[in-house]
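**Student:** So the protein lines, in turn, are chains Y and L. Each step along the first sequence adds one to the number in the numbering used here, with nothing skipped, and position 280 is 280. Each step along the second sequence adds one to the number in the numbering used here, with nothing skipped, and position 483 is 483.
Honestly, the hints are just simulated from the structure, not real lab data. All values derive from a computational prediction rather than experimental measurement. It cannot be assumed that every hint is accurate.
[Unchecked claim] Restricting the straight-line Cα-Cα distance to at most 25 Å, the calculated cross-link-like pairs of lysine to aspartate or glutamate (DMTMM-like) are:
id, chain 1, residue 1, chain 2, residue 2
1, Y, K39, L, D366
2, L, K269, Y, E382
3, L, K269, Y, D268
4, L, K265, Y, E239
5, L, K265, Y, D323
6, L, K318, Y, E382
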Amino acid sequence: MKPIRRLTAAIAVAVLAGFGPLAAHAAAPPEEVLTAWYKMALSLTRHTATYTPPVASRAYAYLGVTAFEAVASGSSRLQTLSGQLNGLTAGPQREAGQTYDEAVVLDTALAATVHSLFENTGPTGHRAMDALEAKLHAEAAGGLAADVVTRSEAYGQAIAAHILDWSKGDGGAVVENMGFPAEYALTSGPAHWVPTSAIVQQQFPLLPGWGTNRTFAMPTGATCPLPAPLDYSEDPASEFYTQALETYETKNNLSPEQRAIARFWADDAMLSVTPPGHWLSIGMQIIDRDRIGLEKSVDILARLGIAEADAFIGCWNAKFVYDLVRPVTYIRRLIDPKWESLLITPPFPEYPSGHSTQSGAAATVLTSLLGDDFAFDDATDEADGLKPRSFASFWAAANEAGISRLYGGIHFRAAIERGLDQGRCIGAYTIALRTWR
Amino acid sequence: MRDTSPRLAAITLAFAGLAQAATAQAQVVPTFVDETANAGIDSVYAGEWQYMVGGGVATFDCSGDGFLDMLLAGGEAPAKFYLNQSTQGGALKFAEVTSGLELDAVTGAYPLDIDSDGIEDVVLLRVGESVAMRGLGACRFERANEAWGFNGGDAWWTAFAATWERGATWPTLALGSYIDRSQEIEPWGSCTDNWLERPRADGKGFDAPVPLRPSYCALSMLFTDWNRSGTPGLRIANDREYYRGGQEQLWRLDAGQPPALYTDKDGWKNLRIWGMGIASADVTGDGYPDYFVTSMADNKLQTLASATPDSPLKADYKDIAFPRGVIAQRPYTGGDVRPSTAWHAQFEDVNNDGLMDLFIAKGNVDQMPDFAANDPNNLLLQSTDGKFTEVGEAAGIASMGVSRGAEVTDFNLDGLLDLVVVHRRQAAQLWRNTTPDPRHWIELRLQQPGVNRDAIGAAVEVRIGSTVTRREITLGGGHVSGQIGWWHFGLGDAAAVDIRVTWPDGTAGEWLPLAAGSFYVLERDRAARVWLPG
Numbered sequence: 001m002k003p004i005r006r007l008t009a010a011i012a013v014a015v016l017a018g019f020g021p022l023a024a025h026a027a028a029p030p031e032e033v034l035t036a037w038y039k040m041a042l043s044l045t046r047h048t049a050t051y052t053p054p055v056a057s058r059a060y061a062y063l064g065v066t067a068f069e070a071v072a073s074g075s076s077r078l079q080t081l082s083g084q085l086n087g088l089t090a091g092p093q094r095e096a097g098q099t100y101d102e103a104v105v106l107d108t109a110l111a112a113t114v115h116s117l118f119e120n121t122g123p124t125g126h127r128a129m130d131a132l133e134a135k136l137h138a139e140a141a142g143g144l145a146a147d148v149v150t151r152s153e154a155y156g157q158a159i160a161a162h163i164l165d166w167s168k169g170d171g172g173a174v175v176e177n178m179g180f181p182a183e184y185a186l187t188s189g190p191a192h193w194v195p196t197s198a199i200v201q202q203q204f205p206l207l208p209g210w211g212t213n214r215t216f217a218m219p220t221g222a223t224c225p226l227p228a229p230l231d232y233s234e235d236p237a238s239e240f241y242t243q244a245l246e247t248y249e250t251k252n253n254l255s256p257e258q259r260a261i262a263r264f265w266a267d268d269a270m271l272s273v274t275p276p277g278h279w280l281s282i283g284m285q286i287i288d289r290d291r292i293g294l295e296k297s298v299d300i301l302a303r304l305g306i307a308e309a310d311a312f313i314g315c316w317n318a319k320f321v322y323d324l325v326r327p328v329t330y331i332r333r334l335i336d337p338k339w340e341s342l343l344i345t346p347p348f349p350e351y352p353s354g355h356s357t358q359s360g361a362a363a364t365v366l367t368s369l370l371g372d373d374f375a376f377d378d379a380t381d382e383a384d385g386l387k388p389r390s391f392a393s394f395w396a397a398a399n400e401a402g403i404s405r406l407y408g409g410i411h412f413r414a415a416i417e418r419g420l421d422q423g424r425c426i427g428a429y430t431i432a433l434r435t436w437r
Numbered sequence: 001m002r003d004t005s006p007r008l009a010a011i012t013l014a015f016a017g018l019a020q021a022a023t024a025q026a027q028v029v030p031t032f033v034d035e036t037a038n039a040g041i042d043s044v045y046a047g048e049w050q051y052m053v054g055g056g057v058a059t060f061d062c063s064g065d066g067f068l069d070m071l072l073a074g075g076e077a078p079a080k081f082y083l084n085q086s087t088q089g090g091a092l093k094f095a096e097v098t099s100g101l102e103l104d105a106v107t108g109a110y111p112l113d114i115d116s117d118g119i120e121d122v123v124l125l126r127v128g129e130s131v132a133m134r135g136l137g138a139c140r141f142e143r144a145n146e147a148w149g150f151n152g153g154d155a156w157w158t159a160f161a162a163t164w165e166r167g168a169t170w171p172t173l174a175l176g177s178y179i180d181r182s183q184e185i186e187p188w189g190s191c192t193d194n195w196l197e198r199p200r201a202d203g204k205g206f207d208a209p210v211p212l213r214p215s216y217c218a219l220s221m222l223f224t225d226w227n228r229s230g231t232p233g234l235r236i237a238n239d240r241e242y243y244r245g246g247q248e249q250l251w252r253l254d255a256g257q258p259p260a261l262y263t264d265k266d267g268w269k270n271l272r273i274w275g276m277g278i279a280s281a282d283v284t285g286d287g288y289p290d291y292f293v294t295s296m297a298d299n300k301l302q303t304l305a306s307a308t309p310d311s312p313l314k315a316d317y318k319d320i321a322f323p324r325g326v327i328a329q330r331p332y333t334g335g336d337v338r339p340s341t342a343w344h345a346q347f348e349d350v351n352n353d354g355l356m357d358l359f360i361a362k363g364n365v366d367q368m369p370d371f372a373a374n375d376p377n378n379l380l381l382q383s384t385d386g387k388f389t390e391v392g393e394a395a396g397i398a399s400m401g402v403s404r405g406a407e408v409t410d411f412n413l414d415g416l417l418d419l420v421v422v423h424r425r426q427a428a429q430l431w432r433n434t435t436p437d438p439r440h441w442i443e444l445r446l447q448q449p450g451v452n453r454d455a456i457g458a459a460v461e462v463r464i465g466s467t468v469t470r471r472e473i474t475l476g477g478g479h480v481s482g483q484i485g486w487w488h489f490g491l492g493d494a495a496a497v498d499i500r501v502t503w504p505d506g507t508a509g510e511w512l513p514l515a516a517g518s519f520y521v522l523e524r525d526r527a528a529r530v531w532l533p534g
């Protein structure tokens, strides 16, 4: 496509899509800006030490809301989330009658938000962010009138500042010691969590207060409670023992397919994009595959981020209400002293399964947005040597993500099934958000 | 240098009742004095992003006086060479002289006698092309890449190890590299190839490099005979920050065969850490090397899960850092409670009690707020129960400098191990070990005729009473820092010991009764010679 025709087409698409008059831009349409910054956020998640799954989910929520508000502010079809999300007040307004460039607005807003959320990353992460910002800015702003660039940048900065200011009061803004408390009193009794690794930091559980953070769409972290876990028992005839034996025997007799599933959904902190990043990656792959437009893309990404963040708050709330022992502890105590889980046992209580809760929430949201039998392929960790997997629906993926934790030996079945239920409950609050006028 | 016979001393002491290492006595906390200001050392490891790792030091004797000279990496500034002018037992004294090693972009350095001419050469790891520098004598060096067929590549070189494969007349070098520095936006997953440079068929230089694929951003490498098979493997510590699908590695290097990774079928476990440095010693006393691998917020001490010589060993390691007290995961003084960042590590006996202690250099990568900014170096003393106790502050080495490479070595030849530490963007520091009333020690230099003059790959056994400890003679590991010189052994209360060398080809020498408190040159098939400084 020649430049003039491309420009004409872009304006036509923009008008049809509900945007006002757009400034011409050179090489970076806002869709590419969105994708580029999300890819950067996923990479930084893996390479920022504080970015355990709950922390990552929080960042994805704020990133999603930033992208959504930046796009919605220039769209006649999207409805702002201010007034709908807990504590989010009305954001800055565009100047009436003035021209903005959507790519510059979005790029500036996302650049500022990613820089802030991942401020603690290492020097390579900062170098990468700076390089991406310079590249995208040059591409987005090239050929535009200076006043348009300046106005668009200022507005993007204002959006970011508004969202970041809102983020600071949610209880999760400051994470010290990689999320592990300096002091913590373990609950006594065999039913309760004890450290499962020899890493000093992990002698206390990860982020014990995360369940009291301000939620996004649901009222509080306790909004979607779970039934109590199975009654703790060491009696071989008990249901608790039976489920522990199931985890033990399943892990010991994994089929190649089960092993592959466990690895596929492992999503270890600091070694992957984490579980919420995995679902975000799924969303991005679909957006890319189906060339989903900008407005719907930011709707998907914002809702995914919000649902994931609420899922981790709700899940963590329940985890520290019940404080249940991990399979590796129980199994070594009662069944096989030398047993090892396939996956790294996470350093926090067992019930419910975090991956299950957040997978349930993600599947609820994506099914609502894209349909019940929405088939897709997932190549999130292909670069790490994990083969892509195909799913017939989002719930097929969520159920597999849940059961992967049993295959990996880090959860009992009850935590998985009830975690998925909790995710369904939490996701419903995100579905209820109004994003279209 | 004066050589003399140890016979008189040996006769006097060898059977005069060998005292056991002072296992029952109170632990002596060593004392170190910072002599940087007066020692004539003024070197900064400088540079920005491409120098966030690296910062090494090489110690070796190129002047022939037995005192170890020193090359300090300068990062984007030229490296600096220092001639050791210390006197035995005296204050540390160095003079900066021009050696030919003063290249820029140096990240680290390792000494070794590549061409077996009896003069130490030096490999300079660099950002860009690494350079093999041939020793000319009198601490002069010249580039030898072309003469030796050494390919220095063009990479961010960050690790090195050397060995002589069985029967080879030329060394095999492993070079570890880091990130593809051209990848600004997507640096993750861009680890460039590590290389194995093996001897040419004619044995007079290096063949074309063999890439060690997959490569996972190596920050330390060590050829080590982990299973005492006689064929060292190559242990690599990899930085998980940058690899995709990576892990810690152990390569099998059978003579004449392409390198092959140990896998889970061999017992090797999928360990993923911010691997930054490797130290090796037989800490557990099972006769096999154990490995301390540095990382961030957590360090590993790996020992064989099952060391039963009667059956084939599996490369299955378990982590005993926590029970042994060497996790060193956060600062122990200074009030900064954030997690630590560990780099160079080295086992040595700093208080001469016969037990290997552990030094760890610490320092933030680059103002990362999740990690300690004031991160003191560690000195962990081993006790008779095998556990380690932190004494860095009491010993006087708790520097808050942003440390990287280091060497623990005897600069003034008094039998006490001194310390040099390279800091990022700050001047290197030098400490003299001034521990009063030191206990017994012995220092050895191994020599072979022909090739591999320094006997890399040998093992030294020290027998005190019924206790035998074994030390593998290696070249590599740490964090871009290496040494060749005197091998130091603390002996506790033992005034004499028996020493046996198993040479790199597997030939075990005789047990040699040697008196403590001396330097010995142990030349293959010859009697031990006492060596006296001066």
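**Student:** Against each hint, give a clear statement of whether it holds in the structure.
**Tutor:** Now the hints, each set against the structure:
A C-alpha spacing of about 24 Å is found between K39/Y and D366/L, which places the hinted pair at or below 25 Å, so the restraint holds. Distance check on the hinted pair: K269/L and E382/Y sit about 21 Å apart at the alpha-carbon level, within 25 Å; holds. Distance hint between K269/L and D268/Y is fulfilled; the C-alpha atoms sit about 16 Å from each other, no more than 25 Å. Our distance criterion of 25 Å between C-alpha atoms is broken by K265/L and E239/Y, whose separation comes to about 36 Å.
For the suggested pair K265/L and D323/Y, the alpha carbons sit about 37 Å apart, so the restraint of at most 25 Å is broken. Straight-line distance between C-alpha atoms of K318/L and E382/Y comes to about 29 Å, which puts the hinted pair past the 25 Å bound.
The structure does not agree with the numbered hints 4, 5 and 6 stated previously, though it agrees with the rest.
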